[in-house]
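K.L.:
Below are the chains, spelled out letter by letter.
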Amino acid sequence: GAGVSQSPRYKVAKRGQDVALRCDPISGHVSLFWYQQALGQGPEFLTYFQNEAQLDKSGLPSDRFFAERPEGSVSTLKIQRTQQEDSAVYLCASSRGSGQLTSYEQYFGPGTRLTVT
Amino acid sequence: AQSVTQLDSHVSVSEGTPVLLRCNYSSSYSPSLFWYVQHPNKGLQLLLKYTSAATLVKGINGFEAEFKKSETSFHLTKPSAHMSDAAEYFCVVSVGRRALTFGSGTRLQVQP
Chain A
1 GAGVSQSPRY KVAKRGQDVA LRCDPISGHV SLFWYQQALG QGPEFLTYFQ
51 NEAQLDKSGL PSDRFFAERP EGSVSTLKIQ RTQQEDSAVY LCASSRGSGQ
101 LTSYEQYFGP GTRLTVT
Chain B
1 AQSVTQLDSH VSVSEGTPVL LRCNYSSSYS PSLFWYVQHP NKGLQLLLKY
51 TSAATLVKGI NGFEAEFKKS ETSFHLTKPS AHMSDAAEYF CVVSVGRRAL
101 TFGSGTRLQV QP
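One line per chain: the protein sequences are A and B, in this order. If you read the first sequence in our numbering, its first letter stands for residue 1, the second for the next number, and so on. If you read the second sequence in our numbering, its first letter stands for residue 1, the second for the next number, and so on.
Simulated from the structure, these hints should not be mistaken for lab results. Every residue, glycine too, gets a C-beta built ideally from N, C-alpha and C. It is possible that part of the hints are untrue.
[Stated by the list, open to error] Taking CB as the label site, the calculated pair distances span:
#1 7/A / 77/B: 33 to 41 angstroms
#2 74/A / 12/B: 35 to 43 angstroms
#3 72/B / 17/A: 42 to 50 angstroms
[What the hints assert, rightly or not] As a list, the in silico DSSO-like pairs of lysine-lysine whose alpha-carbon atoms are at most 30 angstroms apart:
#4 57/A / 42/B
#5 57/A / 14/A
#6 14/A / 78/A
#7 49/B / 68/B
#8 57/A / 49/B
#9 42/B / 58/B
#10 68/B / 58/B
#11 42/B / 14/A
#12 11/A / 42/B
#13 42/B / 78/A
#14 78/A / 57/A
#15 49/B / 69/B
#16 78/A / 11/A
#17 58/B / 69/B
#18 11/A / 57/A
Please model the complete structure; the sequences and the hints are all you need to start from.
P.N.:
In structure tokens:
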């Protein structure tokens, strides 16, 4: 079946612009995660949804970052007033369940590469 | 808090020779450990996971890893490298949180 999809795959924004990144998880997956991957680094956790509820947003780097999942399916990560340090690949992952992490593999999308100029 | 350290940022092997990618973890509690692989322009794919069952874990594509609590290590191995194994590999830990904590990655090159 279809995997996790993200759009756009590439985004160039001028500093100060707002951007919106979309994630379509695997159908029926309860949990959804956003990660940020800077160049040459491993992904870092941003936020977690269980259905439409945002249960953990401890990784969001500033109040310019906002995520939503209003109907418990598609999610949008919004970055306001983008800065150069926001340049990174933003990864979305979904998993089937919401219990112990080890029981439910996270499936990752291909990511959105954001470049802020 | 938990963390992982991948001891090599780059590893180069010849096709047909063994692969060893090293990972040490730090955790206050019993961790769950994973290895993910990332091919260029593709999503992260789970290779294998350790969940406190058998300490030797077998994964996809002939990879395996051994959990050694005394050494706080979870090294990834493969007996014989293939050209298609060239990719970025991430060691990952989770302790009771829903999110994963990634290492900084090891880029594996496979020479013909």
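K.L.:
Confirm or reject each hint.
P.N.:
Each hint, compared with the structure:
Our hint of 33 to 41 angstroms for residue 7/A and residue 77/B holds, since their Cβ atoms are close to 37 angstroms apart. Between residue 74/A and residue 12/B the C-beta distance comes to about 41 angstroms, which sits within the given range of 35 to 43 angstroms. Evaluation of the 42 to 50 angstroms hint for residue 72/B and residue 17/A yields a pass: the beta carbon distance comes to about 44 angstroms. Using a Cα cut-off of 30 angstroms, the hinted pair residue 57/A and residue 42/B holds, with the two alpha carbons roughly 26 angstroms apart.
Proposed proximity of residue 57/A and residue 14/A is supported: the alpha carbons are some 26 angstroms apart, at most 30 angstroms. Only pairs whose Cα atoms come within 30 angstroms are accepted, and residue 14/A paired with residue 78/A is accepted, the gap being roughly 15 angstroms. A C-alpha spacing of about 14 angstroms is found between residue 49/B and residue 68/B, which places the hinted pair at or below 30 angstroms, so the restraint holds. For the suggested pair residue 57/A and residue 49/B, the alpha carbons sit about 25 angstroms apart, so the restraint of at most 30 angstroms is met.
Note on residue 42/B and residue 58/B: the hinted pairing holds, with a Cα-Cα distance of about 23 angstroms set against a maximum of 30 angstroms. At most 30 angstroms may separate the alpha-carbon atoms for a hinted pair to count; residue 68/B and residue 58/B meet this at roughly 15 angstroms. Between residue 42/B and residue 14/A, the direct Cα distance comes to roughly 26 angstroms. Compliance with the 30 angstroms bound is thereby established for this hinted pair. This hinted pair checks out: residue 11/A and residue 42/B have alpha carbons roughly 17 angstroms apart, not beyond 30 angstroms.
The hinted pair formed by residue 42/B and residue 78/A meets the criterion: a straight-line CA distance of about 23 angstroms does not exceed 30 angstroms. For the hint linking residue 78/A to residue 57/A, the alpha-carbon distance of about 13 angstroms falls within 30 angstroms, and the restraint holds. A threshold of 30 angstroms between alpha carbons decides the hint, and for residue 49/B with residue 69/B the separation of about 15 angstroms falls inside it, so the pair holds. A C-alpha spacing of about 13 angstroms is found between residue 78/A and residue 11/A, which places the hinted pair at or below 30 angstroms, so the restraint holds.
Proximity of residue 58/B to residue 69/B is assessed by CA-CA distance (about 17 angstroms); at most 30 angstroms being required, the pair is judged to hold. Using a Cα cut-off of 30 angstroms, the hinted pair residue 11/A and residue 57/A holds, with the two alpha carbons roughly 23 angstroms apart.
Hint compliance for this structure: every hint is met.
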